[in-house]
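Student: Each chain is listed here by its residues.
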Amino acid sequence: GAVVSQHPSWVICKSGTSVKIECRSLDFQATTMFWYRQFPKQSLMLMATSNEGSKATYEQGVEKDKFLINHASLTLSTLTVTSAHPEDSSFYICSARGQGSQPQHFGDGTRLSIL
Amino acid sequence: QQQVKQSPQSLIVQKGGISIINCAYENTAFDYFPWYQQFPGKGPALLIAIRPDVSEKKEGRFTISFNKSAKQFSLHIMDSQPGDSATYFCAAARYMNTGNQFYFGTGTSLTVIP
Numbered sequence: 013g014a015v016v017s018q019h020p021s022w023v024i025c026k027s028g029t030s031v032k033i034e035c036r037s038l039d040f041q042a043t044t045m046f047w048y049r050q051f052p053k054q055s056l057m058l059m060a061t062s063n064e065g066s067k068a069t070y071e072q073g074v075e076k077d078k079f080l081i082n083h084a085s086l087t088l089s090t091l092t093v094t095s096a097h098p099e100d101s102s103f104y105i106c107s108a109r110g111q112g113s114q115p116q117h118f119g120d121g122t123r124l125s126i127l
Numbered sequence: 216q217q218q219v220k221q222s223p224q225s226l227i228v229q230k231g232g233i234s235i236i237n238c239a240y241e242n243t244a245f246d247y248f249p250w251y252q253q254f255p256g257k258g259p260a261l262l263i264a265i266r267p268d269v270s271e272k273k274e275g276r277f278t279i280s281f282n283k284s285a286k287q288f289s290l291h292i293m294d295s296q297p298g299d300s301a302t303y304f305c306a307a308a309r310y311m312n313t314g315n316q317f318y319f320g321t322g323t324s325l326t327v328i329p
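These protein sequence lines map, in sequence, to chains A and B. Per my numbering, the first sequence runs over residues 13 to 127. Per my numbering, the second sequence runs over residues 216 to 329.
Warning: the hint list may mix true and false statements.
[What the hints assert, rightly or not] Cut-off 25 Å, straight-line C-alpha distance, at most; resulting in silico cross-link-like pairs (SDA-like, lysine to any residue):
{"hint": "1", "chain 1": "A", "residue 1": "Lys53", "chain 2": "B", "residue 2": "Leu226"}
{"hint": "2", "chain 1": "B", "residue 1": "Lys257", "chain 2": "A", "residue 2": "Arg36"}
{"hint": "3", "chain 1": "B", "residue 1": "Lys272", "chain 2": "A", "residue 2": "Gly110"}
{"hint": "4", "chain 1": "B", "residue 1": "Lys286", "chain 2": "A", "residue 2": "Met57"}
{"hint": "5", "chain 1": "A", "residue 1": "Lys26", "chain 2": "B", "residue 2": "Ile265"}
{"hint": "6", "chain 1": "A", "residue 1": "Lys53", "chain 2": "A", "residue 2": "Phe79"}
{"hint": "7", "chain 1": "B", "residue 1": "Lys257", "chain 2": "A", "residue 2": "Thr44"}
{"hint": "8", "chain 1": "A", "residue 1": "Lys53", "chain 2": "B", "residue 2": "Lys283"}
{"hint": "9", "chain 1": "B", "residue 1": "Lys286", "chain 2": "A", "residue 2": "Leu58"}
{"hint": "10", "chain 1": "A", "residue 1": "Lys67", "chain 2": "B", "residue 2": "Phe254"}
{"hint": "11", "chain 1": "B", "residue 1": "Lys283", "chain 2": "A", "residue 2": "Pro115"}
{"hint": "12", "chain 1": "A", "residue 1": "Lys53", "chain 2": "B", "residue 2": "Lys272"}
{"hint": "13", "chain 1": "B", "residue 1": "Lys220", "chain 2": "A", "residue 2": "Met57"}
{"hint": "14", "chain 1": "A", "residue 1": "Lys32", "chain 2": "B", "residue 2": "Lys257"}
{"hint": "15", "chain 1": "B", "residue 1": "Lys230", "chain 2": "B", "residue 2": "Arg276"}
{"hint": "16", "chain 1": "A", "residue 1": "Lys32", "chain 2": "B", "residue 2": "Lys230"}
{"hint": "17", "chain 1": "B", "residue 1": "Lys220", "chain 2": "A", "residue 2": "Gln50"}
{"hint": "18", "chain 1": "A", "residue 1": "Lys32", "chain 2": "B", "residue 2": "Ala239"}
{"hint": "19", "chain 1": "B", "residue 1": "Lys257", "chain 2": "A", "residue 2": "Leu86"}
{"hint": "20", "chain 1": "B", "residue 1": "Lys257", "chain 2": "A", "residue 2": "Ser66"}
{"hint": "21", "chain 1": "B", "residue 1": "Lys273", "chain 2": "A", "residue 2": "Pro115"}
{"hint": "22", "chain 1": "B", "residue 1": "Lys257", "chain 2": "A", "residue 2": "Ser17"}
{"hint": "23", "chain 1": "B", "residue 1": "Lys286", "chain 2": "A", "residue 2": "Leu80"}
{"hint": "24", "chain 1": "A", "residue 1": "Lys53", "chain 2": "B", "residue 2": "Thr302"}
{"hint": "25", "chain 1": "B", "residue 1": "Lys220", "chain 2": "A", "residue 2": "Thr61"}
{"hint": "26", "chain 1": "B", "residue 1": "Lys220", "chain 2": "A", "residue 2": "Lys67"}
{"hint": "27", "chain 1": "B", "residue 1": "Lys286", "chain 2": "A", "residue 2": "Pro52"}
{"hint": "28", "chain 1": "A", "residue 1": "Lys53", "chain 2": "B", "residue 2": "Val269"}
{"hint": "29", "chain 1": "A", "residue 1": "Lys53", "chain 2": "B", "residue 2": "Ser225"}
{"hint": "30", "chain 1": "B", "residue 1": "Lys220", "chain 2": "A", "residue 2": "Gln41"}
{"hint": "31", "chain 1": "B", "residue 1": "Lys257", "chain 2": "A", "residue 2": "Ile24"}
{"hint": "32", "chain 1": "B", "residue 1": "Lys257", "chain 2": "A", "residue 2": "Gln50"}
{"hint": "33", "chain 1": "B", "residue 1": "Lys283", "chain 2": "A", "residue 2": "Phe79"}
{"hint": "34", "chain 1": "A", "residue 1": "Lys53", "chain 2": "B", "residue 2": "Gln217"}
{"hint": "35", "chain 1": "A", "residue 1": "Lys53", "chain 2": "B", "residue 2": "Ala239"}
{"hint": "36", "chain 1": "B", "residue 1": "Lys286", "chain 2": "A", "residue 2": "Gln54"}
{"hint": "37", "chain 1": "B", "residue 1": "Lys257", "chain 2": "A", "residue 2": "Gly65"}
{"hint": "38", "chain 1": "B", "residue 1": "Lys257", "chain 2": "A", "residue 2": "Met57"}
What the hints contain is simulated information worked out from the structure, not anything from laboratory work.
Looking at chain A on its own, in the form it has when it is part of the complex (with noise of 0.2 Å):
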């Protein structure tokens, strides 16, 4: 099937910081890809849906210029986020969608702890 590679998939950094997390499709071309944050026990929280070439779409309440995030080609997308602080912990998790009707299919996220 249809692999998703996501790096890091832990880190730990010091408040102040900024961490850049990549996803890569490695058999398909994902035109679109999708960023999730997940807390524990909890469900997935969509916080941006990015398109190949063009700016991401942010969902209400995820502040764009403390996650940025780049779709530079149709096999990387990266979420860095910006001047982190310990309420940025989380698991923060990518998909990402071929063209036409093709299901996501997800990374196996990225554990940020921040100090």
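For this one, chain A is given, so just place chain B on it according to the hints.
Tutor: Same frame as chain A, now just chain B:
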């Protein structure tokens, strides 16, 4: 407003039993209903999905039952095994809409005891 309601929140089943998880949706424009399985520390993995033109889809031990008039769908896991212990999410979406948002249920934590 929760677009997709999922129940139960948690479920404990004995090995060999049937696990049943239910979901209900409101938007009749939804035409794609996937189920995802998530293990701790991993992303969700697509398990099985159904379109509303059929009432049932079976893949191995996993079956989706779909009731269009009631706007409900359910996942049945036959002969449940300890390895099935995970969190299960249902979702609903408009399939043909490129870039569409998936609306997820709140998840069901399944524990299969030996």
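Student: Can you give the numbers of the hints that this structure goes against, from lowest to highest?
Tutor: Numbers 5, 8, 10, 12, 16, 18, 20, 23, 26, 27, 28, 30, 33, 37 - these are the hints that the structure violates, sorted from lowest upward.
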